[in-house]
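J.: Residue strings, one per chain:
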Amino acid sequence: MASEIVERCHGTDGLVLVGIQRRGVELAERLARLIEQAEGGRVARGKLDITLYRDDLQAIGPRPVVGETSLPPLDGKTVVIVDDVLFTGRTIRAALDEFADFGRPRRILLCVLVDRGGRELPIQADVVGTTVDTSPKDRVDVQVAELDGKDAVDLVRAG
Amino acid sequence: MAPRPRTVDQPAMEDRPSGKVVAPLGKDLVGLEYLSPDQLRMILDTAEPFKEVSERQIKKVPALRGKTIVNLFFEASTRTRISFEFAEKRLSADTVNVASSGSSVSKGETLVDTARNLEAMRIDMVVIRHGSSGSAKFLGDRIRSNVINAGDGKHEHPTQGLLDMLTLRDKFGRIKGLKVAICGDVLHSRVARSNIWGLTKLGAEVAVCGPATLMPRDIESLGVTIIPRIEDAIQWADALNILRLQLERMTSGFIPSLREYNRVFGVTRDRLDKAPKDLVIMHPGPMNRGVEIDSDVADGEHSVILPQVTNGVAVRMAVLYLLAGGSPDWAEGGER
Chain V
51 MASEIVERCH GTDGLVLVGI QRRGVELAER LARLIEQAEG GRVARGKLDI TLYRDDLQAI
111 GPRPVVGETS LPPLDGKTVV IVDDVLFTGR TIRAALDEFA DFGRPRRILL CVLVDRGGRE
171 LPIQADVVGT TVDTSPKDRV DVQVAELDGK DAVDLVRAG
Chain G
91 MAPRPRTVDQ PAMEDRPSGK VVAPLGKDLV GLEYLSPDQL RMILDTAEPF KEVSERQIKK
151 VPALRGKTIV NLFFEASTRT RISFEFAEKR LSADTVNVAS SGSSVSKGET LVDTARNLEA
211 MRIDMVVIRH GSSGSAKFLG DRIRSNVINA GDGKHEHPTQ GLLDMLTLRD KFGRIKGLKV
271 AICGDVLHSR VARSNIWGLT KLGAEVAVCG PATLMPRDIE SLGVTIIPRI EDAIQWADAL
331 NILRLQLERM TSGFIPSLRE YNRVFGVTRD RLDKAPKDLV IMHPGPMNRG VEIDSDVADG
391 EHSVILPQVT NGVAVRMAVL YLLAGGSPDW AEGGER
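Respectively, the protein sequence lines represent chains V and G. Position one of the first sequence corresponds to residue 51 (the working numbering), numbered consecutively onward. Position one of the second sequence corresponds to residue 91 (the working numbering), numbered consecutively onward.
Calculated directly from the structure, the hints in this document are not laboratory data. Careful: at least some of the hints might be erroneous.
Simulated restraints, written as ranges between beta carbons of each label pair [unchecked claim]:
hint, chain 1, residue 1, chain 2, residue 2, range
1, V, 105, G, 343, 55 to 63 angstroms
2, V, 153, G, 306, 52 to 60 angstroms
3, G, 367, V, 150, 22 to 30 angstroms
4, V, 183, G, 168, 31 to 39 angstroms
5, V, 209, G, 310, 54 to 62 angstroms
6, V, 60, G, 168, 37 to 45 angstroms
7, V, 60, G, 397, 44 to 52 angstroms
8, G, 389, V, 105, 31 to 39 angstroms
9, G, 212, V, 153, 30 to 38 angstroms
10, G, 385, V, 84, 56 to 64 angstroms
11, G, 397, V, 54, 54 to 62 angstroms
12, V, 91, G, 390, 45 to 53 angstroms
Distance condition first, Cα-Cα at most 25 angstroms in a straight line; then the derived DMTMM-like pairs of lysine to aspartate or glutamate [said to hold, decoys possible]:
hint, chain 1, residue 1, chain 2, residue 2
13, G, 367, G, 338
14, G, 149, V, 204
15, V, 187, V, 204
16, G, 141, V, 204
17, G, 150, V, 125
18, G, 157, V, 105
A few chain V residues that don't get close to chain G, going by computed Cβ distances all over 12 angstroms [what the hints assert, rightly or not]:
hint, residue
19, 61
20, 118
21, 176
22, 179
Just so we're clear, the structure is a prediction, and the values are computed from it rather than from any experiment. Yeah, the Cβ is synthetic: ideal placement off N, Cα and C, and Gly gets one too.
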């Protein structure tokens, strides 16, 4: 996935990897390190919490803990959004809105570890780790060693 | 605790530092007396990320888009009203300010009638400042909108209490075990009451210090000790919260004169120099310089009076955000 990002972005110039809280942040950090090992130099990172940009505050109520958002300057950069699972696309919609308040990237790409289908918005990933067919009631649980003690992707079928 | 897998696109409950489900705040925020320690911590934790929003170039997030909030201020206020207004605007809510002068209140309309008329225009929240103790609860019990107390008489000023707690937590990294002395006009002070409730619930030791005429009867029943002399309070405390002498509420000789008050109870550089350690200095504002606090203390290096104001916006954003969530069963995790 790291080399595909570099290929898609034509190198590491102006590249910013932005992880979406929480597991996307860890994945972005790992990808950034892999790219640095392969290409040398340093890749800028950022983290984004989209809680305040969700469209369903009314439906689910607030999540008390809003994570940290810290972004490097984005103007004119090639931003790669990194998240663990792509499902309805609403998280990415919120992230795109939030970027607009922080600057004007030249280009934004989307990189996800798992694409589980089930989109409710016209959003597609550019770089995908793996694709699984799921029904809306299934759960896809991504665990990363930094937060969960191990790396795993579990597909829990409904029922 | 073994890490639990996160269910994608559901609120990640285990992401919370405390790891437990905290009861939602309910419809209104009337006072810190009515909140649990976990709820207090939840508000302070929620305020943290909102600090960053105010540092952004575009100081706005869409969380409360489409909500209408009325700031109903029956008493003079600069800091609190503007702080609430910034908090509301930075969450993208639409706001209207109503002051008692220049509105129908001056024609004799009752509080409930004013609020019901506002509600008929389909508002979502009311922030109220009123001279009568209990007015926020009174209103909250009678209208459907969320009510936030921005100071009711001598009762409580919960968001001020919360911002004081957030400032102390920033400075010391904890609240439990801190020794906080609340100095001055405790009798007239809603700030004192909110501080006492909030700080003692989170495990701080609280003392009050001031002239006997400005000390409410039975204040010890709130779990505080009385330290009669300011010199002793300075010896004891980690932080001083210096209250404003509420000159406008003092009609009958509580103190002989302002000069005498400053001489006996004023927080001065000389007095602080005798303390065994550096004390953090807080004041809810507006200050009477040269009365309860001297200028070189207010502007000194251990003063957090301006950080208090900065934290006020973050705390109020957190309260608005948490109350706006609506759905009481959110804690079970919602569908999306």
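J.: When the structure is checked against the list of hints, which entries are broken? Sort them ascending.
T.: When the structure is compared with the hints, numbers 3, 4, 6, 8, 11, 13, 14, 16 and 20 turn out to be violated.
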